[in-house]
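Novice: In my numbering, the protein residues as written are -18 to 63.
Incorrect hints may have been included.
[To be verified] Estimated spans, in silico, between C-beta atoms of each pair:
no., residue 1, residue 2, range
1, Gly59, Lys(-4), 12 to 20 Å
2, Ala56, Glu8, 15 to 23 Å
3, Glu46, Gly6, 28 to 36 Å
4, Ser57, His37, 16 to 24 Å
5, Asp23, Leu(-16), 18 to 26 Å
6, Ser57, Glu8, 18 to 26 Å
[Said to hold, decoys possible] Under the rule of at most 20 Å between Cα atoms (straight-line distance), these lysine to aspartate or glutamate pairs were calculated in the EDC-like manner:
no., residue 1, residue 2
7, Lys(-4), Glu13
8, Lys49, Glu8
9, Lys(-4), Glu19
10, Lys(-4), Glu(-17)
11, Lys49, Glu36
12, Lys(-4), Glu8
13, Lys(-4), Asp23
14, Lys49, Asp23
15, Lys49, Glu19
Calculated from the structure, these hints are not laboratory results. The C-beta atom is built at its ideal place from N, Cα and C for all residues, glycine as well.
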Amino acid sequence: YELAADQGDAVCRRKVGDMHYYGQGLEVNYTEAARHYEMNRDDPQSIFNLAYLTEHGMGVQQDRERAKELYRRAASAGGGRR
């Protein structure tokens, strides 16, 4: 997944973030998950996932206002399943 993510594949970038979030083959690392979701700003599901992490202060500084903005962006772009 990482090679394809580095080549710009949005689904693979999200999957790498998910692997860090869930600890699939890696240790759980919310900071790395957030970094990958942040890099994937055009993917509605990645935006939603970043909003969730931001709302709960997982791997990033908790910021509920920013989380609301991110949730709105994800919803308007068609995302929202965790």
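Novice: Would you mind marking each hint as holding or not holding in the structure?
Specialist: Verification of the supplied hints:
{"no.": "1", "hint": "Gly59 x Lys(-4): 12 to 20 Å", "in the structure": "holds, 18 Å"}
{"no.": "2", "hint": "Ala56 x Glu8: 15 to 23 Å", "in the structure": "violated, 31 Å"}
{"no.": "3", "hint": "Glu46 x Gly6: 28 to 36 Å", "in the structure": "holds, 34 Å"}
{"no.": "4", "hint": "Ser57 x His37: 16 to 24 Å", "in the structure": "holds, 22 Å"}
{"no.": "5", "hint": "Asp23 x Leu(-16): 18 to 26 Å", "in the structure": "holds, 20 Å"}
{"no.": "6", "hint": "Ser57 x Glu8: 18 to 26 Å", "in the structure": "violated, 34 Å"}
{"no.": "7", "hint": "Lys(-4) x Glu13", "in the structure": "holds, 12 Å"}
{"no.": "8", "hint": "Lys49 x Glu8", "in the structure": "violated, 28 Å"}
{"no.": "9", "hint": "Lys(-4) x Glu19", "in the structure": "holds, 13 Å"}
{"no.": "10", "hint": "Lys(-4) x Glu(-17)", "in the structure": "holds, 9 Å"}
{"no.": "11", "hint": "Lys49 x Glu36", "in the structure": "holds, 8 Å"}
{"no.": "12", "hint": "Lys(-4) x Glu8", "in the structure": "holds, 15 Å"}
{"no.": "13", "hint": "Lys(-4) x Asp23", "in the structure": "holds, 14 Å"}
{"no.": "14", "hint": "Lys49 x Asp23", "in the structure": "holds, 17 Å"}
{"no.": "15", "hint": "Lys49 x Glu19", "in the structure": "holds, 15 Å"}
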